[in-house]
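Protein chains in written order, with our numbering: chain F, 1 to 142; chain E, 1 to 65.
A couple of the hints might just be wrong.
Claimed, not checked - Short, incomplete list of chain E residues facing chain F, as computed with Cβ under 10 angstroms:
#, residue
1, PHE6
2, ALA8
3, ALA18
4, ARG35
5, TRP36
6, ARG39
7, SER43
8, TRP52
9, TRP60
10, VAL64
11, ARG65
Everything labelled a hint here was simulated from the structure, so no lab data went into it.
Just so you know, even glycine gets a beta-carbon here, dropped at the ideal spot from N, CA and C.
Okay, here's what each chain looks like letter by letter:
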Amino acid sequence: MTTLDRGTSRSRPWAAARSWAADPRAWVAGVAYAWLGGTWHSFTGQATVLTAIPATLALGVFLPGARRRPGGGGFARWAWVAWAVLLLAAGSWEAWAFITGSTHDHPTISTLVNSWMHGRTRRRIAFFGWLATGAWAQGLRA
Amino acid sequence: MTFRTFDAGIFLLLLAAAVALDAVARERAGIPTVRWMGRRVMSTRGGRLALWFGWAWLGWHFFVR
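Pulled out of the complex, with its shape left as it was, chain F reads as follows (with noise of 0.2 angstroms):
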């Protein structure tokens, strides 16, 4: 990082974080502390700190900035449509499942994925993917 970066960075955090990606410390970072978050199972006070720390950080990258919307627009009608019926289908999918108690035969996308993250490794990827999903969220930004 040069030094007109940090300067940057300094009165905007996001522009620092939005080179996160082509950081390969924040790679080797992000690995290190998603393979300590995903240590300790749910319900433990040290999972709770582990998950707190970034998320409070991440605050702070998140909601400073100026109103600018992006460029382009004038999307087609239909378009517009796949997407909400996409988004309308997944969520009646889930609230259906939910309505119906998450059980074993008709789980809830939560119920898959703790399934899932059985076991240490599972759950440090699943903890590495949280990261990198919140990285890339913040990167949006205008």
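Got chain F; can you put chain E on it based on the hints?
Only chain E this time, still in chain F's reference frame:
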């Protein structure tokens, strides 16, 4: 095929459809990509707060509770 496999398959099918639609959107004008929609949401303070909350909730839901 069990009910569980069928139910999980529906989720995977919808995910695959979303990935396919996004792939088409990247190649063709007139269809919003996931990235464009995400950037649109992140263009307002309320949207950024909502996206942060959703992401933080996922962390809490899967790793804390």
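Going through the hints against the structure:
1. PHE6: At about 9 angstroms, which falls below the 10 angstroms cut-off, the nearest Cβ of chain F leaves the hint on PHE6(E) intact, so it holds.
2. ALA8: Result: holds, 6 angstroms to nearest chain F Cβ.
3. ALA18: 5 angstroms, holds
4. ARG35: 7 angstroms, holds
5. TRP36: 6 angstroms, holds
6. ARG39: Constraint on ARG39(E) satisfied, holds at 4 angstroms.
7. SER43: 5 angstroms, holds
8. TRP52: With a minimum Cβ separation of about 4 angstroms from chain F (threshold 10 angstroms), the hint on TRP52(E) holds.
9. TRP60: 6 angstroms, holds
10. VAL64: 5 angstroms, holds
11. ARG65: 6 angstroms, holds
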